[in-house]
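Let the sequences and hints guide you as you build the complete structure.
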Amino acid sequence: MHRSDLVGRLAKYQMTIQAYEMKIEYRAGKHNTLCDFLSRYPVTSVNSIQINSLPTLQEIQRSQLQSQYKGLIQFLSGKIEDPPAKFSQQLDKYSIFNNTLYSNLHGSPKLLVPDQNLQTKIIAVFHDNPLIGSHLGIRKTYKSISSKYFWPKIYNDVAKFVKTCPVCQKVKTPSGNIIREELGSFPIPQRPFERIHTDIIGPLPQCIYGNKFISITVCAFSKFIICTPLLNQTTDMVIKALVNDVISKHGIPDEIVSDRGSNYTSDLFAQLNKTLGIPNNFTTSYNHKANEQVERLVKVITDSLTSYCSNANDLWSDFLQPVVFAYNCSINDTTGYSPFYVVFGRHPITWCDIIHQLPSHLSFATDSFSDQFEMALKTTIIDVGEQIAEKTVNYKSGYDFQHKVHSEDISNGDLVLLRDDAVRTKFTNQWKGPFEVTQITRPNITIVSVTSSSRPQTVHIDRPKLYCARPPSVSISTQNRPNHNIQPTEMPKDVGQPTRRSQRLLNKQNSSSFPTEQPAEKDQ
Numbered sequence: 001m002h003r004s005d006l007v008g009r010l011a012k013y014q015m016t017i018q019a020y021e022m023k024i025e026y027r028a029g030k031h032n033t034l035c036d037f038l039s040r041y042p043v044t045s046v047n048s049i050q051i052n053s054l055p056t057l058q059e060i061q062r063s064q065l066q067s068q069y070k071g072l073i074q075f076l077s078g079k080i081e082d083p084p085a086k087f088s089q090q091l092d093k094y095s096i097f098n099n100t101l102y103s104n105l106h107g108s109p110k111l112l113v114p115d116q117n118l119q120t121k122i123i124a125v126f127h128d129n130p131l132i133g134s135h136l137g138i139r140k141t142y143k144s145i146s147s148k149y150f151w152p153k154i155y156n157d158v159a160k161f162v163k164t165c166p167v168c169q170k171v172k173t174p175s176g177n178i179i180r181e182e183l184g185s186f187p188i189p190q191r192p193f194e195r196i197h198t199d200i201i202g203p204l205p206q207c208i209y210g211n212k213f214i215s216i217t218v219c220a221f222s223k224f225i226i227c228t229p230l231l232n233q234t235t236d237m238v239i240k241a242l243v244n245d246v247i248s249k250h251g252i253p254d255e256i257v258s259d260r261g262s263n264y265t266s267d268l269f270a271q272l273n274k275t276l277g278i279p280n281n282f283t284t285s286y287n288h289k290a291n292e293q294v295e296r297l298v299k300v301i302t303d304s305l306t307s308y309c310s311n312a313n314d315l316w317s318d319f320l321q322p323v324v325f326a327y328n329c330s331i332n333d334t335t336g337y338s339p340f341y342v343v344f345g346r347h348p349i350t351w352c353d354i355i356h357q358l359p360s361h362l363s364f365a366t367d368s369f370s371d372q373f374e375m376a377l378k379t380t381i382i383d384v385g386e387q388i389a390e391k392t393v394n395y396k397s398g399y400d401f402q403h404k405v406h407s408e409d410i411s412n413g414d415l416v417l418l419r420d421d422a423v424r425t426k427f428t429n430q431w432k433g434p435f436e437v438t439q440i441t442r443p444n445i446t447i448v449s450v451t452s453s454s455r456p457q458t459v460h461i462d463r464p465k466l467y468c469a470r471p472p473s474v475s476i477s478t479q480n481r482p483n484h485n486i487q488p489t490e491m492p493k494d495v496g497q498p499t500r501r502s503q504r505l506l507n508k509q510n511s512s513s514f515p516t517e518q519p520a521e522k523d524q
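Everything in the sequence shown is counted per the UniProt record's numbering, starting at 1 for the first residue and increasing by one.
Note that these hints are calculated values from the structure, not bench results. Glycine is no exception: its CB is placed at the ideal position from the N, C-alpha and C atoms. Possibly wrong hints are sitting among the right ones.
As the list claims (entries may be wrong) - Mimicking PhoX-like on lysine-lysine, the simulated pairs with C-alpha atoms at most 20 Å apart in a straight line are:
(1) Lys23 - Lys12
(2) Lys153 - Lys172
(3) Lys86 - Lys153
(4) Lys432 - Lys163
What the hints assert, rightly or not - Across the chosen pairs, the derived CB separations fall in these ranges:
(5) Lys396 - Cys352: 46 to 56 Å
(6) Tyr209 - Tyr26: 34 to 44 Å
(7) Ser411 - Ser454: 13 to 23 Å
(8) Asn311 - Val450: 48 to 58 Å
(9) Thr265 - Asn156: 40 to 50 Å
(10) Pro359 - Asp333: 22 to 32 Å
(11) Gln357 - Ile382: 50 to 60 Å
(12) Tyr13 - Tyr308: 15 to 25 Å
(13) Gly277 - Phe427: 29 to 39 Å
(14) Asn311 - Lys378: 43 to 53 Å
Here it is in structure tokens:
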């Protein structure tokens with residue numbers, strides 16, 4: 001309660017509690033048999049598993065007698081003398097056992113199921129039930145069913161049911177349903193700092209100066225990077241770094257590319273862009289490729305800092321500018337020049353040049369220095385533009401080939417699922433939806449939920465996948481659907497374990513009252 005270094009949520013809790021007069025008393029765990037409900041969650045154990053909804057044998061027998069196989073059953077049972085003409089040449093392919101017709105078309109006898117509703121029930125159990133199907137794929141589900149049952153086009157029915165399973169579509173990621181858009185590209189810039197890409201690195205371990213974030217900006221033409229340590233990532237701090245370290249030193253860019261972080265989409269940042277006449281190009285959510293110019297440099301900078309600060313991570317801000325300088329002085333793979341040379345038209349003088357007295361590429365003492373400098377810079381600018389254009393084409397071709405691009409598979413009105421990139425835990429669905437596609441403006445699409453009244457959202461076309469809606473003929477009603485839910489038995493709350501805050505709040509809402517202090521006679 002008296003700590004002065006708390007931040008964020010803990011500091012807010014501390015300030016709230018300090019507004020009350022309170023006394024904290026210690027109670028040993030062995031005496032606290034009924035501990036605070038909010039710090040525990042119920043432990044569940046499996047009590048029973050219900051397995052049902054398979055059609056009964058009587059239902060299958062009844063459906064056989066109501067189908068085209070009625071005459072065949074009567075002949076094989078000895079009730080009539082002449083077989084039906086339709087089956088007269090295939091009598092050895094069928095057999096009767098316990099007044100039930102079996103098919104021998106594929107070797108061993110298999111129970112023949114002619115009714116479509118009963119077929120769907122069987123497929124549902126063999127696919128959905130945890131003890132039989134466990135939501136396995138088409139081939140495994142088909143082999144399990146075809147080893148016991150038979151009906152015409154059984155594989156097609158199984159494939160249709162599994163492909164349209166809403167549970168499987170939200171959990172699994174089959175490559176056939178993934179939409180891949182061709183890799184897009186920005187226009188080739190013609191000069192340094194014509195277009196810049198910016199992002200925030202962090203939160204990082206707090207350095208000795210109190211900084212926890214880094215504002216990183218890269219020039220799309222020269223690949224020159226600028227990094228500024230920040231105390232926080234508020235819009236004010238981001239604007240200050242951008243104005244002081246980028247615009248004030250290299251001029252106003254024609255375009256700024258950033259993600260949709262609140263520090264870039266805020267009204268204050270929009271006002272800055274309006275004042276300076278800079279259009280801000282936002283990438284779509286969870287689409288790192290759109291801002292790849294700066295995204296890949298985040299790892300480069302953090303890896304370099306880790307090399308020097310792994311044993312003293314509060315010193316990273318002391319190494320930040322030397323690391324940035326070293327990168328800017330190294331040859332870039334795309335341009336073939338160092339970013340420093342492209343921006344300033346000369347190579348920097350380093351301590352190696354001074355110690356070894358290396359000659360300069362330009363003679364500053366001659367009268368023709370300005371001509372040499374202008375010619376070298378002009379040649380460099382032209383060459384860099386050509387190199388960027390060539391590497392962009394090569395990279396795009398390799399990406400499209402490697403990712404098997406097929407961008408023609410989606411149209412307005414299609415149903416899609418959206419990849420939930422915010423999910424980071426196991427046993428959670430990878431996809432959410434379904435959504436309906438309302439507008440296509442490649443490489444982005446606009447979608448709206450079909451199950452809720454949420455606002456339309458624009459996402460990159462790589463994030464959704466096509467959703468296969470189950471046709472009515474394959475649907476399973478609620479009362480016929482296999483009930484394989486595990487029925488939990490709740491254990492005493494005092495033997496529980498700590499739970500997440502969201503679950504504690506939910507428990508709090510579902511309970512009318514909580515004990516604030518345990519009765520004295522129970523403190524044993």
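Hints and how they fare:
no. : hint                        : result
1   : Lys23 - Lys12               : holds, 19 Å
2   : Lys153 - Lys172             : violated, 25 Å
3   : Lys86 - Lys153              : holds, 19 Å
4   : Lys432 - Lys163             : holds, 16 Å
5   : Lys396 - Cys352: 46 to 56 Å : violated, 38 Å
6   : Tyr209 - Tyr26: 34 to 44 Å  : holds, 39 Å
7   : Ser411 - Ser454: 13 to 23 Å : holds, 22 Å
8   : Asn311 - Val450: 48 to 58 Å : holds, 54 Å
9   : Thr265 - Asn156: 40 to 50 Å : holds, 49 Å
10  : Pro359 - Asp333: 22 to 32 Å : holds, 27 Å
11  : Gln357 - Ile382: 50 to 60 Å : violated, 32 Å
12  : Tyr13 - Tyr308: 15 to 25 Å  : violated, 36 Å
13  : Gly277 - Phe427: 29 to 39 Å : violated, 50 Å
14  : Asn311 - Lys378: 43 to 53 Å : holds, 47 Å
Consistency note: the structure conflicts with the earlier hints numbered 2, 5, 11, 12 and 13.
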